[in-house]
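Colleague: Listed below are the residues making up each chain.
2 protein chains.
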Amino acid sequence: MERVAIIGVGQSEFGELWEKGFREIVLKAGIEALEDAGLEGKEIEAMYVGNMSGGRYLAQEHIAALIADYSGLSQMGIPSTRVEGADASGGLALRQAFLSVASGLHDIVIAAGAEKVSDVGSEMTTDIIASSADREWEGFVGATIPALYALMARMHFTKYGTTPEDLALVSVKNHRNGALNPKAQFRREITIEDVLRSPFVAEPLRLLDCAPLSDGAAAVILANEKVAKEYTDAPVYIKACTQASDYLALQNREDITTMRAVKIAAEMAYKQSNLTPDSIDVVELHDSFTIAELIAYEDLGFVEKGRGAELIREGITSLDGSLPTNPSGGLKACGHAIGATGIRQAVEITYQLRGKAGKRQVDAETGLSLNIGGTGATAVVTIYEIG
Amino acid sequence: MERVAIIGVGQSEFGELWEKGFREIVLKAGIEALEDAGLEGKEIEAMYVGNMSGGRYLAQEHIAALIADYSGLSQMGIPSTRVEGADASGGLALRQAFLSVASGLHDIVIAAGAEKVSDVGSEMTTDIIASSADREWEGFVGATIPALYALMARMHFTKYGTTPEDLALVSVKNHRNGALNPKAQFRREITIEDVLRSPFVAEPLRLLDCAPLSDGAAAVILANEKVAKEYTDAPVYIKACTQASDYLALQNREDITTMRAVKIAAEMAYKQSNLTPDSIDVVELHDSFTIAELIAYEDLGFVEKGRGAELIREGITSLDGSLPTNPSGGLKACGHAIGATGIRQAVEITYQLRGKAGKRQVDAETGLSLNIGGTGATAVVTIYEIG
Numbered sequence: 002m003e004r005v006a007i008i009g010v011g012q013s014e015f016g017e018l019w020e021k022g023f024r025e026i027v028l029k030a031g032i033e034a035l036e037d038a039g040l041e042g043k044e045i046e047a048m049y050v051g052n053m054s055g056g057r058y059l060a061q062e063h064i065a066a067l068i069a070d071y072s073g074l075s076q077m078g079i080p081s082t083r084v085e086g087a088d089a090s091g092g093l094a095l096r097q098a099f100l101s102v103a104s105g106l107h108d109i110v111i112a113a114g115a116e117k118v119s120d121v122g123s124e125m126t127t128d129i130i131a132s133s134a135d136r137e138w139e140g141f142v143g144a145t146i147p148a149l150y151a152l153m154a155r156m157h158f159t160k161y162g163t164t165p166e167d168l169a170l171v172s173v174k175n176h177r178n179g180a181l182n183p184k185a186q187f188r189r190e191i192t193i194e195d196v197l198r199s200p201f202v203a204e205p206l207r208l209l210d211c212a213p214l215s216d217g218a219a220a221v222i223l224a225n226e227k228v229a230k231e232y233t234d235a236p237v238y239i240k241a242c243t244q245a246s247d248y249l250a251l252q253n254r255e256d257i258t259t260m261r262a263v264k265i266a267a268e269m270a271y272k273q274s275n276l277t278p279d280s281i282d283v284v285e286l287h288d289s290f291t292i293a294e295l296i297a298y299e300d301l302g303f304v305e306k307g308r309g310a311e312l313i314r315e316g317i318t319s320l321d322g323s324l325p326t327n328p329s330g331g332l333k334a335c336g337h338a339i340g341a342t343g344i345r346q347a348v349e350i351t352y353q354l355r356g357k358a359g360k361r362q363v364d365a366e367t368g369l370s371l372n373i374g375g376t377g378a379t380a381v382v383t384i385y386e387i388g
Numbered sequence: 002m003e004r005v006a007i008i009g010v011g012q013s014e015f016g017e018l019w020e021k022g023f024r025e026i027v028l029k030a031g032i033e034a035l036e037d038a039g040l041e042g043k044e045i046e047a048m049y050v051g052n053m054s055g056g057r058y059l060a061q062e063h064i065a066a067l068i069a070d071y072s073g074l075s076q077m078g079i080p081s082t083r084v085e086g087a088d089a090s091g092g093l094a095l096r097q098a099f100l101s102v103a104s105g106l107h108d109i110v111i112a113a114g115a116e117k118v119s120d121v122g123s124e125m126t127t128d129i130i131a132s133s134a135d136r137e138w139e140g141f142v143g144a145t146i147p148a149l150y151a152l153m154a155r156m157h158f159t160k161y162g163t164t165p166e167d168l169a170l171v172s173v174k175n176h177r178n179g180a181l182n183p184k185a186q187f188r189r190e191i192t193i194e195d196v197l198r199s200p201f202v203a204e205p206l207r208l209l210d211c212a213p214l215s216d217g218a219a220a221v222i223l224a225n226e227k228v229a230k231e232y233t234d235a236p237v238y239i240k241a242c243t244q245a246s247d248y249l250a251l252q253n254r255e256d257i258t259t260m261r262a263v264k265i266a267a268e269m270a271y272k273q274s275n276l277t278p279d280s281i282d283v284v285e286l287h288d289s290f291t292i293a294e295l296i297a298y299e300d301l302g303f304v305e306k307g308r309g310a311e312l313i314r315e316g317i318t319s320l321d322g323s324l325p326t327n328p329s330g331g332l333k334a335c336g337h338a339i340g341a342t343g344i345r346q347a348v349e350i351t352y353q354l355r356g357k358a359g360k361r362q363v364d365a366e367t368g369l370s371l372n373i374g375g376t377g378a379t380a381v382v383t384i385y386e387i388g
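Chains A and B supply the protein sequences, listed in that same order. Under this note's numbering, think of the first position of the first sequence as 2, with each following residue one higher. Under this note's numbering, think of the first position of the second sequence as 2, with each following residue one higher.
No lab work stands behind these hints, which were simulated from the structure alone. In this text the structure is predicted, and so the values were computed from the model without any measurement. It is possible that part of the hints are untrue.
Heads up, the list lumps identical chains together, so a pair's fine if it works in one copy or across two of them.
[Claimed, not checked] Taking lysine-lysine and the DSBU-like style, the derived pairs with C-alpha atoms no more than 35 Å apart in a straight line are:
| hint | residue 1 | residue 2 |
| --- | --- | --- |
| 1 | Lys240 | Lys227 |
| 2 | Lys264 | Lys230 |
| 3 | Lys264 | Lys43 |
| 4 | Lys230 | Lys43 |
| 5 | Lys272 | Lys230 |
| 6 | Lys160 | Lys43 |
| 7 | Lys306 | Lys43 |
| 8 | Lys306 | Lys160 |
| 9 | Lys306 | Lys21 |
| 10 | Lys360 | Lys227 |
| 11 | Lys264 | Lys160 |
So that you can see chain A by itself, here it is in the shape it has in the complex (with noise of 0.2 Å):
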């Protein structure tokens, strides 16, 4: 396998872009990539998409033909695939990149995650998220995404003592540092109290436990280590990029404190990187609801199951503690831009290992980023080096 660098990044704002179109809000990102990389479209040999649900909100399926569209890029005829996995779609399209420079088939490729939420309305949007669960066995009974993700919290809470204010605390850690994140969707701090007092949406889950969904769009150029070399003086190398699969449906699940799909990407990228979760200097994870990154907390091995809460009352993850997490503002504070989160994460390690992402900055060399698709069907895990 070759080594694969990233060598430019690039997204748009996240939020409620309504007076921006899907495409603009695409390019946008890739401009800004290409740029940070100092290159030129016709140099990219492929492209990968992250898009979630482009049939139910723009009524346009093969966004990646519209993308190379729009972009120049099929000007050139390159291949430019859609990949969807939920959520986790973004991190998808950051494998196949990662896959198809890593394997010698190119030298440089381009991974895009974009989502555009706000056109529709939000009962149709709870609707369009819930089918990222298993709509027969599910959402056909009513079950919403909030719904699930309060069962794990719930049986989280019974099995291992877990708090609405351990819940609370990763919603105020991400809020602090989203307010100092120039591109984050919510950029104001929150307290406890805000949290304990914002109404449920699914109990225990109150509406500051949530992420919300967003418009967005972020990009990321990968390139083979020797053409990386062309391009930066900072390439940040992809050590290992690695994806699982889960039961959809929570039911069929030995354990719903668990996202074995996490447990299984995680190990096979601590084992193809030859590092373990002690040496990861800086997380980017899938806090779609605080009860999320508790339990990544543990299913990413940073502390064993059931102790996650302990991470989060201790500062361990803050942005001063020993394992910042999130310090972009992660979903919660960031924006959840569907098929783009997973990318978008892959933009700030880049910031952070590269130095420069300003009042967020951690000291970090080494990174690993978590994308989840819905309740944790697939995962995708993605560990980061500074060159």
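For this one, chain A is given, so just place chain B on it according to the hints.
Modeller: Same frame as chain A, now just chain B:
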């Protein structure tokens, strides 16, 4: 790159499968492929799934996780990835699976394609299929997919003298072949008069110029050459599997009688396989509309631009001609189960090269398949050879 062989193939029936669910038809195709290969599910290392619009047909995204779950493959945690490129989704799944074995990453991978379209009404189906074209520049102003292909046909008539009778001959041939295929949706012959008396869908295209939209699934199992030999005495090698893009909207293309993505993908495939159009013995191509088959003859290099109709007039592409094309009956008679079609084509070529195609058997050692997305913005060309 490692040599990649098809070691197992399977497909469900195609058609209006009212009594079967999406899961059942996918599972049927998958189990048939496993039995054909003589292996167990736990030997599969990864899965790629082609599906165009589960979000709208089934209110279900995250289709690859669903299939991994329902087939028991998520028990092993293997990566399962949906790819989408409109009705080229199956071809994209085949290509990603091919690349994952060719690169040495995996030894045994399954590529599946599936679509369940019957459960929504025909008006919605028309709109969903239109989402494979450019929604903002084409669909929004009323252009349907048949209407866009009608423009291509009209231009081909004007520039090259192709006639409605030529189109009808394509449909007659494909129905004649389909009548010999037990898994075809339409197993009856039709006449030129039947076609020319059928109602217009979008002038000059009539009902019998158009492939149906069908429910169906298909699966192929790919293996590294070394592994393949443990499972089969008749491996069908994939010599090349290439993909290219074109502008999504017809308005941006220089010439709407050519599908540039097909030309680019075909040229790459011939080059990679060290073969020429002359050396191809059997073809499965994307006759979503009769005009698409004639244009494909030209863009695949079997005849020069504008002279596609000669191949059908002279019987060259008939079952007993020198370049038998769509021996399965093609999309027209087999049915077009959108995301499944690219995989179904690989299934047919495999049967043909193994000499197991029953009454529709042709004499062939090399084969080619062409899978197209929408009006040609995505094209996948695959070249096969019996081992």
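Colleague: With 35 Å as the alpha-carbon cut-off, assign the pair Lys360 and Lys227 to within, between, both or neither.
Modeller: Result: close within a single copy only, 32 Å intra versus 54 Å inter.
Colleague: At most 35 Å between C-alpha atoms: does Lys272 with Lys230 qualify within a copy, between copies, both, or neither?
Modeller: both (26 Å within a copy, 30 Å between copies)
Colleague: Please sort Lys264 with Lys230 into within, between, both or neither, judging by C-alpha distance up to 35 Å.
Modeller: both (34 Å within a copy, 34 Å between copies)
Colleague: Measure nothing new, just compare the shortest in-copy and cross-copy C-alpha distances for Lys306 and Lys21 to 35 Å and report within, between, both or neither.
Modeller: Classified as neither; 43 Å inside a copy, 41 Å across copies.
Colleague: Tell me, please, which holds for Lys306 and Lys160 at an alpha-carbon limit of 35 Å: within, between, both or neither?
Modeller: within (10 Å within a copy, 70 Å between copies)
Colleague: Go through the copies and call it for Lys264 and Lys43: within, between, both or neither, with a Cα cutoff of 35 Å.
Modeller: Between copies, since 19 Å is at most 35 Å while 39 Å is not.
Colleague: With identical chains treated as interchangeable, where does the CA-CA distance between Lys230 and Lys43 reach 35 Å or less: within a copy, between copies, both, or neither?
Modeller: Within one copy, since 18 Å is at most 35 Å while 41 Å is not.
Colleague: Using 35 Å as the alpha-carbon threshold, which applies to Lys264 and Lys160: within, between, both, or neither?
Modeller: within (19 Å within a copy, 60 Å between copies)
Colleague: With identical chains treated as interchangeable, where does the CA-CA distance between Lys306 and Lys43 reach 35 Å or less: within a copy, between copies, both, or neither?
Modeller: between (48 Å within a copy, 28 Å between copies)
Colleague: How would you label the pair Lys240, Lys227 (within, between, both, or neither) given a Cα cut-off of 35 Å?
Modeller: Both: 15 Å inside a chain and 28 Å across chains, each within 35 Å.
Colleague: Evaluate Lys160 and Lys43 at a C-alpha cut-off of 35 Å and name the case that applies: within, between, both or neither.
Modeller: Close across copies (32 Å), not inside one copy (55 Å); limit 35 Å.
Checked against the numbered hints above, the structure violates only hint 9.
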